[in-house]
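Student: Each chain, letter by letter, is given below.
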Amino acid sequence: MNTTATISQKHDHHFDEQHLLHELKHYLPTQGPLKDFLHHNTLHAFQDMKFYDAIFKASAIFGYQTTFSLTEYRDLYRINRITPEILARTIKDRKGSKDFEEWQLRVLHKMYSWTLEPRAGKLRSEWKRQYHIDMDNAVQPLLFRIICSYIDQGIALSPFPFEDKGLLNALRSLEDLSMASFFKTKKARDLLYDKSCTISKLLEILVGKGKEAYFAQYVYDQQFSHQGWSGMVSTLEDKPESLLYPKKISLKDMIMLELLLEIDMLTGSLGEEWKPLGSNVSQPPVDMFADEPDSELQEVIKIWQDAFEWSYYDTALSGLLLTLPARPAAEDTATKSFQSIFCLDEREYSLRTYLESLDNRSETFGAPGFFGVEFYFRPAHAKFYDKLCPGPVTPKYLIKEVSGDDSPVHAKEIMYTKHSHKLVRGFLFSYLLGIPALGKLVANLVNPTMSPAIADAFSHMDPNADLTILHTGEQDKEKGLQVGFTTAEMADRVEKFLRCIGMTRDFAPLVYAIGHGSSSANNPHHGAHDCGACSGRPGLVNARVFAWMANYQPVRELLKKRGLSIPLATQFVGGMHDTAADEVRFYDEKALTEENSWLHAKNKRLFEDALDLDAKERSRRFMSISTKQHIKKIRNDIKKRSVSYYEPRPELGHGTNALCIVGKRSLTKRLFLDRRAFLNSYDYTTDPEGTLLSDVLAPLGVVCGGINLEYFFSRMDNYKLGAGTKLPHNVMGLVGVANSSDGDLRSGLPLQMIEVHDPVRLLMVVEHYPEVVKKTIRANPALYEWFANEWIQLVVLHPKEKALYVFKERKFVPYAPLTKELPVVHDLSRMFETTLKMKTNHILDATQENLPIHIIGPHH
Amino acid sequence: MVTQLLTTLILVPVIGLAGCILTPKKWERTIFFIAIAAILLELVTFFVLGYQWLSAGASPVFTSIGSLYASPHYTFALAFYFDRLSAVFLGMTTIMTTLIFIFSRFYMHREPGFKRFYYTVLLFFIGLTLIILAGNFEVLLLGWEFIGISSVLLIAFYRDRFLPARNALKVFSVYRIADAFLLVAIWYAHHIFEKSVNFSELSGLVAGHESQLALLGLFLLVTALIKSAQFPFSYWLPRAMEGPTTSSAIFYGALSVHMGLFLLLRTYPLWQGSVWLRITIAAVGFVTAIIVSSITRVQSSIKVQIAYASVTQIGIMFVEVAAGLQWLALLHFVSNASLRTYQLLISPSVVGYLVHDQFFSFVLPPEKIKNTLLGRLRATFYVLSIKEWNMNTAVSHYVWRPLKPVGRVFAFLDGFPAQVVSVAVFLATAGAAASMAVSTGSKLAISSAAAVISIVFYIRAYTTKNSARTCWNLILVGHLFGALFLGLASAGNWKYLVIYGAGVATAFIVGHACLWYLEIKGEQTALQDYHGSIYAFKKLGHLFFIVCLLFMAFPVSPSFLAQDILLSFIPVSHVFQIVLFCLGYLLVGVSIMRLYTKVFFGPHKTSYHEIAYRSS
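For the protein sequence lines, the chains are W and D, in the order given. Sequential numbering from 1 applies to the first sequence in this note's numbering. Sequential numbering from 1 applies to the second sequence in this note's numbering.
Since the hints were derived computationally from the structure, they do not count as laboratory data. All clues stand as given, with none of them false.
Simulated pairs of lysine-lysine, DSS-like, Cα-Cα distance not exceeding 27 Å:
| id | chain 1 | residue 1 | chain 2 | residue 2 |
| --- | --- | --- | --- | --- |
| 1 | D | 370 | W | 418 |
| 2 | D | 539 | W | 839 |
| 3 | W | 422 | D | 368 |
| 4 | D | 368 | W | 248 |
| 5 | D | 521 | D | 539 |
Take these sequences, add in the hints, and give me the full structure.
Tutor: Now the structure itself:
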């Protein structure tokens with residue numbers, strides 16, 4: 001007994017550098033360089049805990065604001081965004097009927113003191129108390145500048161010398177040659193050269209020998225005072241391939257450098273003799289990750305947030321039930337005019353609605369926008385590969401673009417020339433470029449057009465170039481990747497994809513596979529608007545590749561053998577929807593038969609009309625565009641918006657996302673969901689055992705859950721978990737943005753992307769039998785965690801009972817919506833002309849821009 | 001006619017400013033409409049004026065539309081001057097501001113500070129217009145101060161974060177040094193020529209004053225080099241780029257940063273005769289161009305890179321001006337300002353553009369630094385450039401840090417007894433000076449002592465970490481001794497002392513009440529950190545800002561006018577007193593702005609809302 005106690009005590013005070021680094025990396029932000037923006041749960045480190053426990057704990061440790069304030073919830077109640085019925089039910093659900101009144105009083109009226117004293121930062125505040133030294137202010141600017149210059153991907157004219165050696169080695173080499181030093185004192189320089197130096201040794205100097213109990217806490221305080229840069233370094237250490245210009249850097253090196261700079265600063269201003277922080281510390285060591293005790297306030301907040309979410313969910317679920325056909329409709333056997341498969345992205349929702357309503361014989365499907373084909377892509381003449389599939393997947397295939405042109409043609413923007421920053425050439429350029437610059441500015445204000453300085457989603461592939469989709473034999477390899485797919489590999493992918501979305505018969509003559517991307521100007525976060533299922537890139541190559549595979553005769557023959565027969569006359573066409581400009585372009589149209597060409601020409605006009613309507617729907621949220629003007633004018637304005645330097649909101653991204661519906665399109669066809677629902681097509685009748693369901697659901701947690709929670713947390717705390725307003729952003733080293741010349745990197749989403757967002761967790765509705773869904777999610781622990789820990793809410797729509805079951809405490813329990821009727825809309829376009837635009841982006845105003853769920857009635 | 005047009009040029013933005021301020025902040029459209037109407041009217045007026053001026057032969061026009069104060073001894077004339085220099089600068093300023101106004105309508109949409117942005121930019125614009133059209137040094141100083149104040153508001157536009165608040169104070173402080181030098185220059189010019197100098201008559205005045213003009217030119221050069229971010233003051237420019245990209249682009253990328261160049265061009269006739277001065281100006285420009293271009297080369301953040309690239313070119317413009325190539329410098333200004341504005345405006349796009357470019361044409365940089373003399377030099381330059389040649393630390397080390405030990409010595413002044421005793425000493429001395437006949441020699445001694453005491457109080461106010469009200473008291477006592485000094489040094493013009501005192505006293509009382517109210521409401525006011533009270537007390541914050549301007553004797557406030565007039569009574573031989581006065585002027589401004597930014601700006605540390613990281 002005694003021995004164990006001693007050992008565990010010893011263990012407590014033992015400082016394990018490796019363990020600390022490992023843990024730090026777990027908690028630091030994992031957002032990589034901006035060029036590939038992968039949405040993820042901002043609090044991923046806490047995902048093994050229940051949602052509420054996790055957010056309160058994260059808040060207690062790091063000071064994040066993870067919910068609204070009590071006043072804001074009460075205001076939301078006052079404006080009826082949180083409804084009394086739902087609030088009452090939530091209180092009863094959480095607290096039982098017995099104490100209902102008491103809890104209602106607490107929720108509605110009791111005043112609580114809301115103090116937030118994050119654990120991170122406490123220890124290092126001692127520097128100010130003991131020495132009147134503002135350590136962060138004194139050390140961070142130089143630290144950030146060195147790190148940023150080291151990582152820099154190509155802004156500086158002179159790269160960091162010796163950057164291939166690792167940060168500390170590069171600094172040593174540089175200091176060797178230089179007659180000036182980054183350090184003021186010999187003490188710090190000597191420590192830099194001492195290769196046996198470790199983090200613990202430096203901490204002994206700074207915090208004190210024998211004060212190991214404080215070591216880890218000190219480093220946490222330090223690294224979380226600038227979690228942007230630390231997170232970037234940690235991510236780059238783990239994924240060096242995310243940089244084009246390779247840099248060798250580790251979190252350990254960064255911490256060492258920071259500790260050295262701190263020692264240097266202290267020695268420089270206090271002289272050789274100063275006592276370490278620990279010798280005079282006034283507070284006991286803090287266990288960073290101790291559990292946060294429950295409090296009454298937390299219970300109240302849980303009730304409010306639940307009520308906020310369910311006030312919306314309830315109307316959506318009610319809508320699903322209200323619009324269910326009374327009896328299974330006679331199978332719709334009428335021949336389809338054409339079918340289109342879109343990304344499940346909620347921004348495609350409205351376009352799909354319009355396509356279906358303009359031609360009621362057409363049909364749309366939704367699925368993750370990489371179309372089940374995972375590969376790396378190398379554009380002609382490119383020196384690198386683009387990964388085109390969801391983030392966690394590592395493809396084994398490469399598809400190359402083969403262009404007839406000999407030399408790379410990509411337009412240059414003269415205004416970006418670095419020569420203008422040099423001394424002599426800058427002298428010439430500053431004379432020559434001034435007036436043209438003024439001209440360009442006026443031109444972009446008067447008539448914005450696409451230019452090389454603007455991210456063009458369509459430019460990721462040359463529509464006239466060939467793609468090496470077919471694998472030609474054993475030797476056809478590049479850097480360990482197989483070039484193209486074999487027939488069997490193609491057939492596997494096409495089959496699985498089509499079966500998952502339930503598209504196994506009734507093929508129309510034309511089937512469109514439409515990826516999506518987003519063009520925007522002056523937007524470092526443009527990657528966040530592209531396809532999440534394609535690692536934050538436009539999905540046009542995947543769409544084109546998928547269509548090619550599905551058209552390839554040997555694939556068709558194989559599919560036929562496997563019982564999936566696609567008529568000879570059916571042709572697949574790849575395309576892409578630019579969600580900012582509202583434009584669709586199609587690929588390989590020349591391969592169409594004469595008859596299909598004719599049909600295609602007709603469909604294209606239909607697409608154009610649908611895009612007009614889509615633009616009109618989107619315009620209701622844009623101040624600069626009047627929804628009442630002529631529809632073609634709206635469309636044109638929307639297009640201009642995507643190429644305007646002055647427009648910080650080219651589109652609103654995934655803002656407002658709230659639902660994910662896995663089932664047949666008929667479930668939502670009569671509902672107006674205001675572009676808030678991810679729609680993944682799935683037909684339970686073709687998959688009674690749920691074998692496909694597991695493949696369908698697997699990516700949805702990471703992709704949709706990741707998007708949803710990133711928006712959730714960026715909305716709740718745009719300062720610490722989001723990137724703040726875009727307007728002062730300064731691009732750092734091409735990897736991130738900071739507010740100022742001396743500021744920390746800002747990870748997360750900028751204000752302009754989240755202001756329309758109502759922070760509700762994703763509600764996933766699956767049309768299937770509860771026991772099948774339960775079995776499926778249980779079989780995949782990573783997926784199960786999302787639901788079991790309540791990071792995503794799961795509801796099953798029982799196809800036979802026509803009833804809802806909500807997944808609660810790991811069980812499906814029946815759910816009866818309180819909402820009994822919903823408003824009906826007959827003419828969507830007319831409705832948008834009268835909806836209000838938000839007055840301010842405060843949640844009380846912003847949430848009112850989001851329209852309630854409507855039932856779409858017959859058009860008069 | 002020209003007079004009316006020039007008056008219009010001044011009045012239109014002032015009316016626009018008033019209109020914007022009076023409009024409720026949610027009325028984005030109205031605010032934009034008023035601002036754009038004002039600036040377009042300004043543009044039209046400018047073109048009409050330009051046309052008339054050109055058709056009249058393009059000869060310089062001088063006009064005075066009245067005076068703020070006139071006496072046989074001293075006149076503060078509202079004089080304006082329009083020549084080709086004004087034409088180029090005003091044309092550029094108005095066109096750029098028009099474009100930025102249109103750009104910002106969409107860019108700033110729904111930003112919580114939409115209204116604040118428009119009226120601050122208008123305020124800035126008024127400052128620039130005053131400088132550009134100034135017909136004498138007094139009006140120029142007026143514009144100069146407007147720029148200083150609106151800079152604080154623009155840099156600290158995102159006032160709920162730490163870095164904008166700190167950098168606003170940083171830039172204001174260095175601007176204040178420039179202002180103090182300008183004040184010395186004005187006083188000196190006044191004494192050289194024994195009158196307030198009109199810019200129309202500069203060339204005619206030169207003869208006979210060559211030796212003094214070199215010194216005057218030197219004062220002007222220091223003012224200009226600080227305002228144009230020349231070495232060793234270049235560090236402030238990137239740190240001023242804290243506000244929205246649009247305002248950073250026109251002011252710090254283009255217009256404001258070229259005002260030093262404007263000052264040199266405007267005063268060209270005064271210093272052109274001094275070869276040594278011309279060599280000095282060229283040297284400043286040359287050294288800046290070399291050093292700052294080396295800093296530019298290593299910058300890995302886009303806005304900072306563009307800022308330093310702009311400064312490099314301004315360095316070259318200094319050389320051009322020194323060489324007498326005025327037209328070339330003007331062309332260079334127009335072109336550089338346009339280019340840098342555009343580069344800054346499209347700087348966020350650089351991620352997409354350069355990464356795309358790299359995707360197709362990346363090659364690893366081939367050269368590695370070798371252990372040769374050249375290699376060692378390159379390594380040295382690299383390290384120095386990353387550290388911005390220590391400019392930032394050096395200025396704070398040599399200019400501001402020395403005040404700290406001095407302040408610490410006088411820490412006892414924070415105590416109430418010390419302040420009461422000081423006021424008693426003041427009253428006794430003032431009473432004695434007023435009632436008794438004092439010899440000139442002792443007057444000089446007493447007034448100088450009073451000036452020193454007032455400076456001590458200002459220094460203590462600048463360094464105190466105690467409550468804002470303590471600091472406010474210290475500044476008041478500083479003012480009292482400052483008044484005593486001015487009263488004695490200017491041979492007792494009591495009338496002006498009363499005006500000065502009344503202005504300061506009003507500001508003191510209202511300011512004290514504001515701070516007291518804040519304390520009652522539970523806000524922190526200790527000056528050891530930034531408290532961000534404006535988050536919860538917006539109106540009070542705005543009121544207190546105006547009070548601060550009054551308290552620091554901001555131009556157009558009665559105290560300023562009184563100070564300025566009293567100053568003109570100080571004879572030229574008492575250079576020492578002028579230096580003391582300017583030091584006091586510098587310190588009182590910086591102390592008050594420090595107090596303001598620390599109390600009202602920065603993260604507001606209550607926990608019912610999100611708080612920004614200190615590092616952001």
